[in-house]
Amino acid sequence: MAVAAVKEYQFAPADTMDKFHGAQLLYIGWEDHLMFCAPFAFPFPPTMRFGDIIAGVLPGVFGYHPDFAQIDWSKVEWLKSGQPWTPDVEKSLADNGLKHKDVIRFRTPGLTGIKGSFS
Amino acid sequence: MDMQVAKKKLGLKERYAVMTRGLDWQPSYQKMEDIYPYIAYEGIKIHDWDKWEDPFRLTMDAYWKYQAEKERKLYSVLDAYIQSNGHLNVTDARYLNTVKLFLSGISPLEYVAHRGFAHAGRQFPGPGPRVACLMQSLDEIRHAQTQIHAISNYNKYYNGMHDFHHAHDRVWFLSVPKSFFDDAITAGPFEFMVSIGFSFEYVLTNLLFVPFVSGAAYNGDMGTMTFGFSAQSDEARHMTLGLEVIKFILQQDPANVPIVQRWIDKWTWRGYRVLTLVAMMMDYMLPKRTMSWKEAWEVYFEQNGGALFKDLARYGIKMPDCAAQIALEKDHLSHQAWSTFYNYGAATNFHTWMPDEDEMAWLSAKYPNSFDKHYRPRYEFWREQAAKGNRFYNKTLPMLCQTCQIPLVFTEPGDPTKICYREVDYKAEKYHFCSDHCKKIFEDEPEKYVQAWMPVHQIYQGNCFPEGTDPTVEGFDPLAAVLQYYHLEHGRDNLDFDGSEDQKNFEAWHGQATKNV
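Same order as they appear, the protein sequences are chains A and B.
Position one of the first sequence corresponds to residue 38 (our numbering), numbered consecutively onward.
Position one of the second sequence corresponds to residue 1410 (our numbering), numbered consecutively onward.
Worth flagging that the hints you see were computed from the coordinates, not collected in a lab.
Computed from a predicted structure; not experimentally measured.
Positions of the beta carbon are idealized from the N, C-alpha and C atoms, including for glycine.
Hints are supplied without guarantee of correctness; some may be wrong.
Said to hold, decoys possible - Per label pair, the in silico range of CB-to-CB distance:
hint, chain 1, residue 1, chain 2, residue 2, range
1, A, Gln120, B, Asp1662, 22 to 30 Å
2, B, Arg1723, A, Phe48, 37 to 45 Å
3, A, Glu45, B, Lys1418, 34 to 42 Å
4, A, Glu45, B, Lys1719, 36 to 44 Å
5, B, Gln1554, A, Gln120, 48 to 56 Å
6, A, Asp109, B, Glu1768, 31 to 39 Å
7, B, Lys1924, A, Ile91, 52 to 60 Å
8, A, Ala39, B, Glu1442, 17 to 25 Å
Unchecked claim - Straight-line distance between alpha carbons at most 30 Å, and here's what the computed DSS-like set of lysine-lysine pairs gives:
hint, chain 1, residue 1, chain 2, residue 2
9, A, Lys152, B, Lys1416
10, B, Lys1697, B, Lys1836
11, B, Lys1697, A, Lys117
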């Protein structure tokens, strides 16, 4: 459905990739750990290695949680747009098929937050 | 000899007719559609503007007289409150954060409402709704002014209020109320009347003003309380206007019903999402609580709103579908909201804190189905960490909903352990939403929301730093630069209530007022 308007109503989207100085947006959420109130938004270069996110970015972001140190990254389950997905940690974001404003989540089996409260 | 005959006075009804409809005229050399260019494009059909029943008989001359009298009283109470250092009589300095939230989140909306009603009133060909909109437009600018005056006294003593309007246009969470009203005033005049006049003023206003005003009364804030009472007669008039607008539009043409239903569905949901701020204020920010958010929702929406929609059924209008999801969220909304502000307490213009033992017990009692299970463990962990000097501050920016602009903090309807994610691909771009209802609002008018000024994305685009900032220099601290752009002072306006300047000052001044030091 179009906007009801008195004349043509077309505007450029405010958040296209060309506005992010060479970065693309990637959203990352950690399932079952709602102490982090929402998934995070990151501006990453498309050439960034996926493994560098896990090793270099996520510890600073999620490390406050006592579960974080216990994550076995070989067992982590990933979702992209809600569907099961397997990243290649050696490849870049672009080569992993991640586009601007994609959303990924990871589930850490066995870890369910503070006292099992999903917090 | 001529007899002196007393001039016959007009009766109230005649006088009203002369002063409103009597001022209208039919144009002779201009076309109606040129004078009222916005009246047709929304698809609403009005056949007879004379069928408009004026919900209240108030003329402009009486309006000025009546409002001036009310404001004289309001300002004399405010003066007395200020001169007796009334600010020291509030229950606890934490209460002042409620006032900060109100001033930066709500008062600027009163001003926008003023503009909106002035605009809508100008567009209606019928003199009845035009006069009613004019008066509401004046009410709204008066409310903006009296709120600012009532609260300005606190600004002399406490932090975070010094540049509330600047903050309203920039601070990340204030984009939620701001974008809500921007959406309404950029709609056509009929949608504006349904969104603000009906959905907000009639259906949801009791959930906004009653909590703030009774919260003020319960917590010793006589200034804000007096403002609330002063505005009450205006609010009653606004509610009557909102209801009359709906009934008038619906009676004019059956083709109007589905359009109005879509607007009611949209604006009930959008208004409810803004009320997230009120929910957390009621359950967390008032040192002395009035009632829980859940109780307020049950009384003011489920009972009163339920009766209203039963009444509107005869026009073909039904309860918005979103009511079912809101009922599922009522056990969780305020806790998820306060957790969010506790996360991002370094980027707010008010202080945050963890509830104490008594407050946790109150929350357990009010929310037996959710608090102990889902939220208490989180809070206890945060409290322990804060006691060890490791207070949790989330420094990574969150993902936002494209429609309501709230971070994706809400859980799946019926499953409070999973964040609710929704997305849409539109013209080669991806858009994300907090809920099915925000997603549907986008899908109905995508062109409107693709332009949204999303605070997180704007920060990453480099648009939220003070002019001249170079984000590429070594050691650049984006949070510090964003706070400067917000005109907020780190360590003074933000962070935890414990240890804040507000807390120390209130304690010292209150001590001077009550003890011999």
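Do the hints match the structure? See the list:
1. Checked against the hint of 22 to 30 Å, the C-beta distance between Gln120 of chain A and Asp1662 of chain B comes to roughly 45 Å, which is inconsistent with it.
2. Restraint check, Arg1723 of chain B to Phe48 of chain A: a C-beta distance of roughly 40 Å satisfies the suggested window 37 to 45 Å.
3. In this structure the hint that Glu45 of chain A and Lys1418 of chain B lie 34 to 42 Å apart at CB is violated, the actual value being about 55 Å.
4. In this structure the hint that Glu45 of chain A and Lys1719 of chain B lie 36 to 44 Å apart at CB holds, the actual value being about 42 Å.
5. Separation of Gln1554 of chain B from Gln120 of chain A is about 53 Å and conforms to the stated range, judged on CB atoms against 48 to 56 Å.
6. Taken as a hint, the range 31 to 39 Å holds for the pair Asp109 of chain A and Glu1768 of chain B, whose Cβ atoms sit roughly 38 Å apart.
7. Checked against the hint of 52 to 60 Å, the pair Lys1924 of chain B and Ile91 of chain A passes, with Cβ atoms roughly 57 Å apart.
8. The hinted window of 17 to 25 Å between Ala39 of chain A and Glu1442 of chain B holds, with their beta carbons roughly 21 Å apart.
9. Distance hint between Lys152 of chain A and Lys1416 of chain B is unfulfilled; the C-alpha atoms sit about 83 Å from each other, more than 30 Å.
10. In summary, the hint linking Lys1697 of chain B to Lys1836 of chain B is not supported, as the alpha carbons are separated by about 50 Å, beyond the 30 Å threshold.
11. This hinted pair does not check out: Lys1697 of chain B and Lys117 of chain A have alpha carbons roughly 45 Å apart, beyond 30 Å.
Comparing the model with each earlier hint shows violations of hints 1, 3, 9, 10, 11; every other hint is respected.
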